[in-house]
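J.: Top line first, the protein sequences correspond to chains A and B. With the numbering used here, the residue at position 105 of the first sequence is 105, and numbering never jumps. With the numbering used here, the residue at position 103 of the second sequence is 103, and numbering never jumps.
No wet-lab data here; the hints were simulated from the structure. Take these hints with a grain of salt, some might be off.
Pairs of lysine to any residue, SDA-like flavour, derived with a Cα cap of 20 Å [to be verified]:
id, chain 1, residue 1, chain 2, residue 2
1, A, K190, B, R268
2, B, K197, B, A86
3, A, K150, B, E105
4, A, K62, B, R283
5, A, K62, B, E176
6, B, K197, A, D253
7, A, K150, B, P104
8, B, K197, A, K190
9, A, K243, A, D253
10, A, K62, B, M183
11, A, K190, A, R210
12, B, K197, B, P104
13, A, K62, B, A156
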Amino acid sequence: MEIAYWAEGDSGRLPDNAGRVYWGHETCVERLLSAFDVDDFSIRLRDTDTRLTFVTPSLTDKEMSQVCRLVDTFSSSLGCFEVVCNDWGLLHWLTDRQSVEPTIGRFLVGQATDPRLAAFDMPDRQLPHERTVSHADGTLVALRYRRPPKSLMTHLRECAIDIPEVLSFLSRFGARRLEVSNVLQGIRLKLARGWRASLHLPEVPVAVARDAWSDEGNQWLHPTFPVHLHRRDNTVFFCNNGKQEDLPAQGIDRLVYRTTSL
Amino acid sequence: MSVTPDLRDPPVPGGDGFRIVAPADHPEEVPALAEAGADEVYVGVLPPSWSERYGDWDCISRRQGNIANLASIEQMQHVAEQAGAAGLKASLALNVRYTAGQVPEVADLAVAWEEAGGTAVILSSLGLLVRLQQLGSRLARHISILANVTNSQAVAFYREFGATRVILPRELTVAEMAAVASMQPDIEFEAMTLNEKCRFIDGLCGFYHGTTFPDDAASVFDYERSGRGGTPVVHSQDLCYAGHGCQVPFVDELGRAIPQPPRDDVNRPACAACDLMPLYEARVRLLKIGGRGLPTGLKLRAVSFLRRACELALDGSDVAEMRDHYERTFGRSCDGASCYYPSRVFAGD
Numbered sequence: 001m002e003i004a005y006w007a008e009g010d011s012g013r014l015p016d017n018a019g020r021v022y023w024g025h026e027t028c029v030e031r032l033l034s035a036f037d038v039d040d041f042s043i044r045l046r047d048t049d050t051r052l053t054f055v056t057p058s059l060t061d062k063e064m065s066q067v068c069r070l071v072d073t074f075s076s077s078l079g080c081f082e083v084v085c086n087d088w089g090l091l092h093w094l095t096d097r098q099s100v101e102p103t104i105g106r107f108l109v110g111q112a113t114d115p116r117l118a119a120f121d122m123p124d125r126q127l128p129h130e131r132t133v134s135h136a137d138g139t140l141v142a143l144r145y146r147r148p149p150k151s152l153m154t155h156l157r158e159c160a161i162d163i164p165e166v167l168s169f170l171s172r173f174g175a176r177r178l179e180v181s182n183v184l185q186g187i188r189l190k191l192a193r194g195w196r197a198s199l200h201l202p203e204v205p206v207a208v209a210r211d212a213w214s215d216e217g218n219q220w221l222h223p224t225f226p227v228h229l230h231r232r233d234n235t236v237f238f239c240n241n242g243k244q245e246d247l248p249a250q251g252i253d254r255l256v257y258r259t260t261s262l
Numbered sequence: 001m002s003v004t005p006d007l008r009d010p011p012v013p014g015g016d017g018f019r020i021v022a023p024a025d026h027p028e029e030v031p032a033l034a035e036a037g038a039d040e041v042y043v044g045v046l047p048p049s050w051s052e053r054y055g056d057w058d059c060i061s062r063r064q065g066n067i068a069n070l071a072s073i074e075q076m077q078h079v080a081e082q083a084g085a086a087g088l089k090a091s092l093a094l095n096v097r098y099t100a101g102q103v104p105e106v107a108d109l110a111v112a113w114e115e116a117g118g119t120a121v122i123l124s125s126l127g128l129l130v131r132l133q134q135l136g137s138r139l140a141r142h143i144s145i146l147a148n149v150t151n152s153q154a155v156a157f158y159r160e161f162g163a164t165r166v167i168l169p170r171e172l173t174v175a176e177m178a179a180v181a182s183m184q185p186d187i188e189f190e191a192m193t194l195n196e197k198c199r200f201i202d203g204l205c206g207f208y209h210g211t212t213f214p215d216d217a218a219s220v221f222d223y224e225r226s227g228r229g230g231t232p233v234v235h236s237q238d239l240c241y242a243g244h245g246c247q248v249p250f251v252d253e254l255g256r257a258i259p260q261p262p263r264d265d266v267n268r269p270a271c272a273a274c275d276l277m278p279l280y281e282a283r284v285r286l287l288k289i290g291g292r293g294l295p296t297g298l299k300l301r302a303v304s305f306l307r308r309a310c311e312l313a314l315d316g317s318d319v320a321e322m323r324d325h326y327e328r329t330f331g332r333s334c335d336g337a338s339c340y341y342p343s344r345v346f347a348g349d
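So here's chain A without its partners, still in its complex pose (with noise of 0.2 Å):
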């Protein structure tokens, strides 16, 4: 299992002895573009001999001009890295570029990541399990807890992106690895072959606003959560570290760790 983490927000810092680094942004270009010199972090890449992987958001045409530049970059300076695609622009963009290994981003695999959907199957976060309540037109009617249907439930563990003709598409593109994020339901992935998957610990992205906050509270909380909530920049998380049972059997074969995220 190759283990990776992320580079250390806006200075770029890398880990000690990580063979590979993720660095970029996952919903932010202009946390991206503001970044250090991208000359200077890949010097240190090379004299430490750490992979990039480097992570981008979704992006307009003139942010997609903005960050195929630094993709450049990093091409002339560091010969073959890692693209996280978030945009399918982008991995359309990419197709053409021989030194780059396009991956298949957290937000375009189609995990379910509400951390209230895995509490669809938690009976004692579900107490009462019979409420009366009222319409807004009077009718009073019972409210009743019902398990969900192992259906559900399976599918609440699935992507919406390891569909075989699915991946053999983005197979043209010169993709071959995905990134999936701990997920509190559970993950059960079926990679076509020559596939493989990045499992991200500990946090789980769940909702991206066009802005980021100014002066709101880090943490989120609300007792119908099963877990707390915080916000980073333009976006809301949850932690999750638990693990996920026979991640080789899945595809997954490296884990992807921020360490710092709170």
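We have chain A already, so just place chain B on it with the hints.
T.: Only chain B this time, still in chain A's reference frame:
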């Protein structure tokens, strides 16, 4: 000197005038929406076979329950017939990303929709796009706002799956939309112009949409009644559901409320009327009204408002006149927070 394009005789080669795309939730609404000025309708469907397997949350069309979804395949077919009779195009929202086991069932819905006369599907699932190609479906493929198509390369990506229209994310500015559209001249572009603005980006939001109780629509739930006429029962897999993620009253670690934007207010809806001409110039000709699940009267009001707004834009009306139209329609003045694409300055606000 700026020239106002004539929407009835558009100056762009191959272009069309604006077309209004309105939500429908019942077959009976379709003729009324056409009468009010809609050119197209879109619907969702949540058949019992789906809710038995997956529940009634938003995993078939990003809207929950039968308030915002037709309750049966028969109703869906009836909508297609009504739309055909009224001369409207009709699209079916199968717009979320489906897992391998779901794709065949969803594709069956699309086939039934096509056979009934439906003209398009709204979608973001690569699996469904591939499946429709395999089935030889002739339905037009409208790429959903949930696909988060923010650049022209992404449009090119979806064109490989036969996309004919892209519904642009509501977070883009009109200038960003123009940049996308200018590179893809043979694709239609659609944008949200009324209702349902949210702080989160549709295609990057994982908060699920469930059914909240109490609700004002008693008739749409599948009740179980005891033989003795007791209180009707509704089953749910999430009794804790406190609302969409954008509506939950979160607090921080010190118990202070996290400020959330005001909920979408049907009497002060998010609106892009003042930006109709810039949208037109950006080649966005399809004007989408959000609001699946709203009462019929509110949908009709929205269509009438937007139809008149198109006429005002055509006549070269200024922002003040458009805002006056807004206030006369909704009974409240427009404010900057209601603006869908807030690129203009609201003097005096």
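J.: Taking the earlier hints as the rules, which of them does this structure contradict?
T.: 1, 2, 6, 8, 11, 12
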